[in-house]
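Here is what each chain is made of, one letter per residue.
There are 2 protein chains.
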Amino acid sequence: MKHILDTNLYIGGGVDFVVVPLISPTYRPSVVPQFGSFSLEASLPFAKSDLDPLPSLWNTHVVGQISEWIDLDSPDEKLRKNSETAFKQELAWASYLSLRACILPTPKGDTWTNYARCANQFLQEHLKEMQLWLRIPLGKPDDDSKTLQTQDDYWKIWNSFRLLSDHNSKLLVTLDNLNTMPSDNSLNHWYGEPVAAFIIHTDSFLTRDGDNPKHLSEGIQKLITYFLNHYTQIIISENQLNCSKDEESHLETNSAEDSRIHRLLPYIDHVRSIYQQMDPLSEQERSQVAFRDVLHPILQPFKEISQSMVYSEQEKDEKKYMEYKRAICQALLDRVPDEEASVITTVLVVVGAGRGALVRTSLQAANETGRKLKVYAVDRNLNALASLYKQRESMGWNDIVTVIQTDARHWNAPEKADILVGELLGCFGDNELAPEILDGTRRILKKDGISIPSSYTSFLQPVKSSKLYSAVKAKEQILTFETAFVTKMHNVARLAPCQPLFTFTHPKRSIKESNRRYRKLQFVMPDVPESTMVHGFAGYFDATLYKDVHLGTEPSKATPDVFSWDEMYFPLREPICVHRGSTLEVHFWRCCDSTKVWYEWGVTSPSTSLVHNCNARADCVWLN
Amino acid sequence: MKHILDTNLYIGGGVDFVVVPLISPTYRPSVVPQFGSFSLEASLPFAKSDLDPLPSLWNTHVVGQISEWIDLDSPDEKLRKNSETAFKQELAWASYLSLRACILPTPKGDTWTNYARCANQFLQEHLKEMQLWLRIPLGKPDDDSKTLQTQDDYWKIWNSFRLLSDHNSKLLVTLDNLNTMPSDNSLNHWYGEPVAAFIIHTDSFLTRDGDNPKHLSEGIQKLITYFLNHYTQIIISENQLNCSKDEESHLETNSAEDSRIHRLLPYIDHVRSIYQQMDPLSEQERSQVAFRDVLHPILQPFKEISQSMVYSEQEKDEKKYMEYKRAICQALLDRVPDEEASVITTVLVVVGAGRGALVRTSLQAANETGRKLKVYAVDRNLNALASLYKQRESMGWNDIVTVIQTDARHWNAPEKADILVGELLGCFGDNELAPEILDGTRRILKKDGISIPSSYTSFLQPVKSSKLYSAVKAKEQILTFETAFVTKMHNVARLAPCQPLFTFTHPKRSIKESNRRYRKLQFVMPDVPESTMVHGFAGYFDATLYKDVHLGTEPSKATPDVFSWDEMYFPLREPICVHRGSTLEVHFWRCCDSTKVWYEWGVTSPSTSLVHNCNARADCVWLN
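The listed protein sequences derive, respectively, from chains A and B. Residues in the first sequence are numbered from 1 upward in steps of one, following the working numbering. Residues in the second sequence are numbered from 1 upward in steps of one, following the working numbering.
If you are wondering where the hints come from, they were derived from the structure by calculation, not from laboratory data. Take these hints with a grain of salt, some might be off.
Any copy, or any two copies together, can satisfy a pair, since identical chains are not distinguished.
[What the hints assert, rightly or not] Below, a list of computed lysine to aspartate or glutamate pairs in the DMTMM-like style, where the Cα atoms sit at most 20 angstroms apart: (1) Lys88 to Asp593; (2) Lys316 to Glu125; (3) Lys78 to Asp110; (4) Lys303 to Glu585; (5) Lys319 to Asp166; (6) Lys473 to Glu574; (7) Lys156 to Glu585; (8) Lys473 to Asp439; (9) Lys512 to Asp76; (10) Lys508 to Glu77; (11) Lys416 to Glu238; (12) Lys512 to Glu77; (13) Lys108 to Asp293; (14) Lys557 to Asp166; (15) Lys108 to Glu129; (16) Lys214 to Asp293; (17) Lys81 to Glu218; (18) Lys447 to Glu285; (19) Lys596 to Glu125; (20) Lys316 to Glu68; (21) Lys319 to Asp566; (22) Lys390 to Glu415; (23) Lys512 to Asp593; (24) Lys374 to Glu393.
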């Protein structure tokens, strides 16, 4: 009964959960039972009663710790079979207690296949929510001269564990920080991985005089900030607490527990203070936290009628409209010299005017530049136009603004436009059919007319993201892996600089020019660890609205404070392992037929994938 | 109209089909149409009318040949786009004619990704039966000094084509034999691949005086025999017929065609004579041709009641019973010395006696050795026992043979057995639950009793088989890739010598000994080409019936003329590419719980797969 910590004390002490061993560390199963049945006498006496603490607390406040001695790949067959028995037994106990997670010991030796299989068996069998957190040392312990595996080795162990378990989303990593400060390089492995918890040992803390005598180096503080920001739990481990060599120290009395929590409090306080010092999110950021790494299907501009809320959200993005205004101002000044400003009226068509944000922007630009303007506001969405009608009346725009409810591609304009403006850009540039829509409206633009945007380019970047991979897999349909998604990427490792993919320029030189595209890109990843996993590709865009006014999300020159666009995510059906310095070669196609536009993609180096989304079998953007 | 061959002439000439170009070789599409629509004027005049020959002949007797000039990966964008248009156009024409297949030109240059994608688009789009046969040169042309790709390169092109097309089963290979005799090494690549056709050029034929002036070297004759035996079509190509450089020679008149078929007849006759000289199959082999590479689920010994036909099939395998008789004779001689032959009665239990084949075998053994025998024939299958009852009466065995209808594992035997005999061996040894059944009957065997079989071992071997991969994929369920199958392997490349996996010995030393097994095997493939694909594993067995009498299918010592067992096939969900000399590491588990037995398997080198069939999620053998 004394073998595990008194959980109640800790919960009273203000922590979220405690990590406790499930079975006495000295217990070994004596019998190897047949058919997976366990001997009752063998297991019961070593487990603490499930009524203390209360069952609901086990579920919410306890993470189990699987015995360190267990070696499921031992060359000693007896030890291996005993280990299988004990492993099942401890996990069954944890399951019975409805624990939210168990920490699995670090794999021993140079093989762990059976370990991974047994973990996988448990995960497959238990459809409940319990997670397994594989403990992986980060760096070498400062005081240990034993030659441990390198961080590359540990990542490979984790990677192989994950592959053997078929990327089970309930299998995660616990990083055990053995150093005062892990190197950047060793951390590199873990971006984009499902790190459930980060263990700091009490001896990583430094001591100083003053209010909070225990504190961490600035490096570790930054690390903790990173992890807290990525939903990783922080575990403080009193050094003898989690080391297998000191296991006997568990045999303490409740009063010893009591003093331990008092010893730990200064450490907990310091970590809490790090959390409190974290940069607060802006209101905009806060509103989007819930959408991090959530997958959305790409927008169907001709199938979906935008809702009022969507317009409200769009219209909040002031910085975006400032850039549009700058572009329109410059276009107006270019078309009408100062001396003719009072004579010439510029005809401007807003394609997809919605509730009129770009109409207002255009009128502001005309006002600022002192140019005369006539605006046609065209949109298919009657509901949105209602609000624009009203505004037109109340603002006295009746003579200036004409509102037309139609598909701009089929509109018989009474006169040709000098300037065509539209919010047609998707987060991958051309993915909301800007090329097709602007082709369709080209005949209502004067020969020397200006299109805003005047060009746009999509960008691509390989990413590692176990989170996004799991999100795709969770949809349980093989074709989901061939579907492009829109997402706010958060728990993602970006593995190489972006490269430009497809460019469209408006107005087109010739209407015969196809909107199909094909391009091969080669990414070299010099900064990744020895090897890494590529789960898919992030997509961005950069648009030239007019001359030097650009707008975009491509990270190296993203327009600051603009939040209208998330990123594209193109998954790979089979994640690809790429070694440092080797080349990742990927092919992208933008395909069109008479009814739809879609992307196909495939990797040809270092290994060959299928061509994803062949003939739009998974998804497409409909043209009508 | 003169551009393609007059098919009627050839069909009259006694061939199965002719290969014809579909469009004039000089035609190039002049317009790049948008949205996949083709200009009617551009394509029609170059295609021969679909009414000559008759539509039904197009379907059965014509294989189309896609224009050689088409280059879907040309760096010249205009040529590439023209190629896409022409490629679609020719395939659409072939589709309209319901051709059974089209030969695709050999990929040019060092990239073919777009080519593979366009082929894949066609295959995905057309749900009909039309196949695409990618033409791959075999060896270098004797008269050509141009440096071509090596055979390794060509296999890699094919492999990458196949991967990009997601292993589409309608994508096959046509080998174009450019040499008088391809080396063994270059052929090695193509075993286990879907070779639809083998092209021999007329200049590969030698000339001699006599009845058939045209003949092929013995090497090529053997090759043709191999291909005919693997359902590969043989195409004879008059040299200028299929060479793109001589394309203009297609512009011939019908009378020129007429003389051509006369020129070709001697070549056709020679190939026909090779077919006629092939070793005829035995009756047994002939009856099994239809089952080659057909997948069957593994047998459920306790779920299925064998049918009369199954017994009839089993009983035909005389060689098997001869080996059983040899084993029983030796066991009888060992248990009863000559001097006590008339005194001692040996008690023999037949487990799973069925219609009594092993009862007869046992009585024959007793007769031959002059030993006295008492036989208990035990089986669950009442229907089969009916026939045994009758036989017992008609043969006067009433005093010797007792027939018991029960599950042998639960039988309360009136006396213990000296010898226990059973036909419990599956094609993987333990897969029909021999270990569990013999464990269950161990208590009715005397302490020094003999079990026949006394031990058995399963064997494993990595194989390449595009045929079996497609057969698994055709079931359209992801878990099928985690299912073990029984099959008569035919179109399979066996990539390394077999290795032993699990061994069971009877009677067991201790009943506590588990029937679970775990083993890691490492295969090195020294003889394969530079690289190869592993689609899965073949499983065999070898059993010791008693002392030196063995029975089995393991290729190096398979019992001749025994045909009761096919092979096991364990698929891999993702085929693995292995390079020559590298190690393929595979882990196999035999798992048991109280209701079932199943296998799990996974590869950990050169890359890591998932653990297949975790917790028997795809299949298992039920214990009851």
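Against the structure, the hints come out as follows:
1. Lys88 to Asp593: between (55 angstroms within a copy, 13 angstroms between copies)
2. Lys316 to Glu125: This pair counts as neither: shortest intra-copy Cα distance 48 angstroms, inter-copy 44 angstroms.
3. Lys78 to Asp110: within (19 angstroms within a copy, 55 angstroms between copies)
4. Lys303 to Glu585: For lysine 303 and glutamate 585, neither the intra-copy (34 angstroms) nor the inter-copy (51 angstroms) Cα distance is at most 20 angstroms.
5. Lys319 to Asp166: Neither way: lysine 319 and aspartate 166 sit 44 angstroms apart in one copy and 45 angstroms across, limit 20 angstroms.
6. Lys473 to Glu574: This pair counts as both: shortest intra-copy Cα distance 11 angstroms, inter-copy 16 angstroms.
7. Lys156 to Glu585: The answer is between: 16 angstroms across copies meets 20 angstroms, while 23 angstroms in one copy does not.
8. Lys473 to Asp439: Result: close neither inside a copy nor across copies, 37 angstroms intra and 43 angstroms inter.
9. Lys512 to Asp76: between (73 angstroms within a copy, 18 angstroms between copies)
10. Lys508 to Glu77: between (72 angstroms within a copy, 18 angstroms between copies)
11. Lys416 to Glu238: Neither way: lysine 416 and glutamate 238 sit 76 angstroms apart in one copy and 64 angstroms across, limit 20 angstroms.
12. Lys512 to Glu77: between (72 angstroms within a copy, 15 angstroms between copies)
13. Lys108 to Asp293: neither (34 angstroms within a copy, 42 angstroms between copies)
14. Lys557 to Asp166: neither (38 angstroms within a copy, 37 angstroms between copies)
15. Lys108 to Glu129: neither (27 angstroms within a copy, 53 angstroms between copies)
16. Lys214 to Asp293: neither (35 angstroms within a copy, 70 angstroms between copies)
17. Lys81 to Glu218: neither (46 angstroms within a copy, 58 angstroms between copies)
18. Lys447 to Glu285: For lysine 447 and glutamate 285, the Cα distance exceeds 20 angstroms both inside one copy (43 angstroms) and across copies (78 angstroms).
19. Lys596 to Glu125: between (43 angstroms within a copy, 15 angstroms between copies)
20. Lys316 to Glu68: neither (54 angstroms within a copy, 57 angstroms between copies)
21. Lys319 to Asp566: Answer is within: at 15 angstroms inside a copy they meet the 20 angstroms cutoff, but 71 angstroms across does not.
22. Lys390 to Glu415: neither (24 angstroms within a copy, 102 angstroms between copies)
23. Lys512 to Asp593: within (14 angstroms within a copy, 68 angstroms between copies)
24. Lys374 to Glu393: within (15 angstroms within a copy, 110 angstroms between copies)
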